[in-house]
Amino acid sequence: MSFVAQNLACQRADQLIFKDVSFSLSPGEAIWVKGRNGAGKSSLLRICARLLSPLSGHVEWQGEDIFKDDDIYIGEYHYLGHLDALKHAFTVRENIEFWASFHGSPNVDFALEQFELQALADMPAGMLSQGQKKRTNLARLVASPAKLWILDEPLSALDQQYIALFRERLRRHLAEGGMALFATHQDIELEPVNILNLDETAL
Amino acid sequence: MSFVAQNLACQRADQLIFKDVSFSLSPGEAIWVKGRNGAGKSSLLRICARLLSPLSGHVEWQGEDIFKDDDIYIGEYHYLGHLDALKHAFTVRENIEFWASFHGSPNVDFALEQFELQALADMPAGMLSQGQKKRTNLARLVASPAKLWILDEPLSALDQQYIALFRERLRRHLAEGGMALFATHQDIELEPVNILNLDETAL
Amino acid sequence: MSRFFQLIGRDIRLAFRQGSAITLSLSFFVIVVVLFPLGVGPELAVLARIGPGVLWVAALLACLLTLDRMFQADFEDGSLDLLIIGPMPTEMLVLAKVIAHWLTSVLPLIVIAPVLGLSLNLPGDSIVALTGALLVGTPTLSLIGAVGAALTVGMRRGGVLLSLLILPLYIPVLIFGVAAVDASIAQLSAAPHLLLLGGVSLGALVVGPLAAAAGLRLSLS
Amino acid sequence: MSRFFQLIGRDIRLAFRQGSAITLSLSFFVIVVVLFPLGVGPELAVLARIGPGVLWVAALLACLLTLDRMFQADFEDGSLDLLIIGPMPTEMLVLAKVIAHWLTSVLPLIVIAPVLGLSLNLPGDSIVALTGALLVGTPTLSLIGAVGAALTVGMRRGGVLLSLLILPLYIPVLIFGVAAVDASIAQLSAAPHLLLLGGVSLGALVVGPLAAAAGLRLSLS
Amino acid sequence: MAIDLHKYANPKRFLAITSAIYPWSVWLTVILLLGGLYLSLFVAPPDYQQGDTVRIMFVHVPAAWMALMIYTLMAVSSAVGLIWKHPVADLTAKAAAPIGACFTFLALVTGSLWGQPMWGTFWVWDARLTSMLILLFLYLGYMAIWESFDDPAKAAKAAAILALVGVINIPIIRFSVDWWNTLHQPASVATMDGPKIHTTILIPLLVMGLAYTAFFVMVLIIRVKAEILKRRLRVLQIAELRES
Ligand code: HEM
Ligand SMILES: Nc1ncnc2c1ncn2[C@@H]1O[C@H](COP(=O)(O)OP(=O)(O)OP(=O)(O)O)[C@@H](O)[C@H]1O
Ligand SMILES: Nc1ncnc2c1ncn2[C@@H]1O[C@H](COP(=O)(O)OP(=O)(O)OP(=O)(O)O)[C@@H](O)[C@H]1O
Ligand SMILES: [Mg+2]
Ligand SMILES: [Mg+2]
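Residue numbers (this note's numbering), protein chains in the order written: chain A, 1 to 203; chain B, 1001 to 1203; chain C, 2001 to 2221; chain D, 3001 to 3221; chain E, 4001 to 4244.
Just so you know, the hints here were simulated from the structure itself, not pulled from any lab data. Nothing here was measured: the structure is a model prediction, and the numbers come from that model. Don't be surprised by glycine CBs; every beta carbon is placed ideally from N, CA and C.
With beta-carbon atoms standing in for the labels, derived distance ranges:
(1) L2195/C - S3221/D: 51 to 59 Å
(2) I1074/B - W4084/E: 23 to 31 Å
(3) S4019/E - I1188/B: 52 to 60 Å
(4) A2045/C - T3131/D: 23 to 31 Å
With a straight-line Cα cutoff of 25 Å, these simulated PhoX-like cross-link-like pairs (lysine-lysine) come out:
(5) K4012/E - K4230/E
(6) K1019/B - K4154/E
(7) K4085/E - K1068/B
(8) K4012/E - K4225/E
(9) K1019/B - K4085/E
(10) K4154/E - K1068/B
(11) K34/A - K19/A
Use the sequences and the hints to build the structure in full.
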């Protein structure tokens, strides 16, 4: 089981953002994508989540190209972007419940507990603070299992206590043989982690 | 010239968020509002920006209640929330231009230069990365002068280099006799700063 | 398959929660039908003459207004990203959305249409034909509408562009639909028109989800 | 004062940029007017009889569709917060928004209405009355509409709720507007109707911004 | 509980007063309704033209009165709620709306049932009928806006603004509709001034009107109480939530 990206290049609106980006992930490994603002971190993560197609290069999951033969990749990863995918009219529980059962093998109570959301479970998501929304969104990650987590700025809006809690969850995910690919400007203090610095890839 | 908040209490959807919050700001001073997720930082800042009315207590600018006699307070402060107030169809320059001249005494080129946005000035805002959007939004602060800056998570999405740059701008604003009231979970390394911890106000 | 019904269920619950969409699209339909007599005058003969047309146009417009949000809300909060990369084929996704739209925004109109028909003084027989025509014809509206909604998702003011793209495609439904009612007013059989409408709906059932899925993938990447 | 015009200018430029709102609301109006002959049949006598009503109803609906976004877009991206706390009184803000809405979404309809009137076989005199009535009456639509838009800003599906809230309030405009055209078709003077429409518009000019400003402050807090 | 208590002090007094009125309203409803029905079904004479269908009037006309009266009441209490921020005023308006909508609906239904024998059709676009229908929409819009806000305090204000704008518009609507109708169609269908009203008709009509009013008061009290309790429950639930 492995995730391999080879010679990826990305173009947005006629502008080449990055090229020759290669990396690979094996079970238990995490990659921290770094780079200055506008380096293309979010674009890279969207490519890996099949939400954007690369200009060139390819991405393989278990040796199969994720854009051509996507059957085995689907359902194996979670993507968390900067939009929260929460329905304001649904409660925290309902939101997590829907995404978990849409993804498969839901375990909502476990997820609520893991991110200490029990007290907020019956609040409409529209009434949450930024950090509470983020936690609800993070709870999706453990509400249904997936091998690979693709996370764009998972720490933003979290307070110190929940950053630590999230780090624990991420460690456990890796310890259980999961993989993670994330971008953040904050220091996550995760060890060991491989760093992919987009500023260093020549343009 | 002073900003004084006395015994503020805030209620949202029948829930008491905080009470007995008091603080004051004089020229050159900054207050860093801290607190766990959901402590009410954003709500407090919205109250100070006249976007939310407090359940009790009052806020005074130069001795006048900002909710009753708001004439002298208007135009004296900038508010920056977590929404970016950018029109995707307008360029970076047009966006800053509009807000600056709406607020008064615009100086757009200066603002672009201060946040190193010259190269992006003619890009439509819809094509910016998260951090680039944030910088465009921060540029509003210097594009037209205001005594008080009310900033909700000004650092989120910024990379290390721009955090440092923003810190410089904030220092200069304070050195020139400005005031600032901001909430962030990241360490801003600003000295001297007064800390208002909402977790410590008893409920 | 269970995901399919889950998605439909979610959309329906959401419609109920968010200011009870059902009452709303219904009221819009009713209000448009009410505007006409006000605009045209209360003469019974004139009203009966233009009745079927007014009802069909009102249904078209009510449908159009609610279409706008078929994918837009999910796009704006990032849900659409997750739905698209999820384990359900995009075509099925579109179909689930279309079914939810039809159930929440169109079916209620069909239920109330007979009453409005009476108020416009349509004869009893033609009201049966009207209801039948709406039942057979409106799925096309949701299906074709989905294509437009998918193409305009992510555009600001997509709503109005949507109307522009979609209304011309609605014209055949309008024409056959009105013809069915007019036929039964003239004591002729409405069956051939209903069959035609059904045929169009079947065609839309095949083309709609395919085209809309392609449109969605396009708008998102 | 210069802020007032700046805001209007920004909204107009935005309307042009974002998929040229002007073409869009216009096309919607045209399409609705075109649907009617299709729904009702091509008989000239019938069309001329219902023409003024159809035109007015179409204008109402086109206006309604574009109203939805009057504050919504600014609300969603946080601009509305900044506008509200800015140095302009909220009532003026509403007025600027209303003027921008009228200029971008309603005025183009009025320009094209005579052509559509001719196509519906209206006599020449009545087309003058139609244009006059639209000019005097439609500001009410934008003004009253602003109240509904302000109250529903921030709601998902606010668009449809908006219709429900606003359409009943539009009815007087529709009735007087049609009456003006009908009067001139019947060779009577349209002046009293136009005066009434103007009176209602003046009333709306007072009530609309006040109520809408209150609604806005409410939806935002 | 730190939630401001004085806001709920008013409802307490309100509950005390209404609890005293409530039993009276129940008895009055029962007695007046029985009396009114007896008078209108057995005492009032059948019409020489319409026969017994004229008895629909005793259901229909008071319902129409109530529909108009309740909207006015709603507008007044909305204004009170908006200006003096009296929480019970908002709740009263909220509680009254569905009752008003029901009476409007009743007037519409009985009217159109009556229309069938009278005019040979269930509905004509008569001025009075049309303005009644629009009133129903105003009620529905008012109710919808209450539903659409998560925060009851905001909903109250929004609904109040709508009710007030609506009430300014009612005379305009009424006037325009009347005028529209007479322009297009000289009164041929509905001359609702009707035959001169005899006391034999007027008295049952008034009794029924009073019965409806008593019924309205009764239901209103029940609904306002329920609203107040619901709000309290909400406060308690959230307090509980915070403690856990
Ligand atoms: C759906 C149909 C109808 C509606 C919505 C309707 C509505 C109303 C309304 C609103 C009123 C109260 C007017 C006021 O107090 O200012 C009223 C009164 C009345 N209606 Fe109807 N009506 C309908 C059908 C009919 C029919 C078919 C008849 C019988 C011919 C009728 C006879 C009356 C009479 C006799 C009154 C009392 C007269 C008065 O107070 O001026 N209505 N109706
Ligand atoms: N629109 C709203 N309606 C009702 N309640 C709200 C709303 N927004 C926030 N709240 C509640 O108010 C409390 C404080 O929210 P606020 O956003 O002020 O917190 P915060 O300190 O900024 O948190 P964070 O660090 O997560 O941004 C939260 O418990 C939240 O549930
Ligand atoms: N929708 C878009 N259309 C066109 N260009 C875009 C779009 N989104 C981003 N870009 C451009 O692509 C580049 C990379 O953007 P991306 O969002 O991937 O950066 P990032 O590394 O995530 O930055 P940040 O740290 O600010 O989030 C930027 O220069 C940006 O201008
Ligand atoms: Mg990014
Ligand atoms: Mg916050």
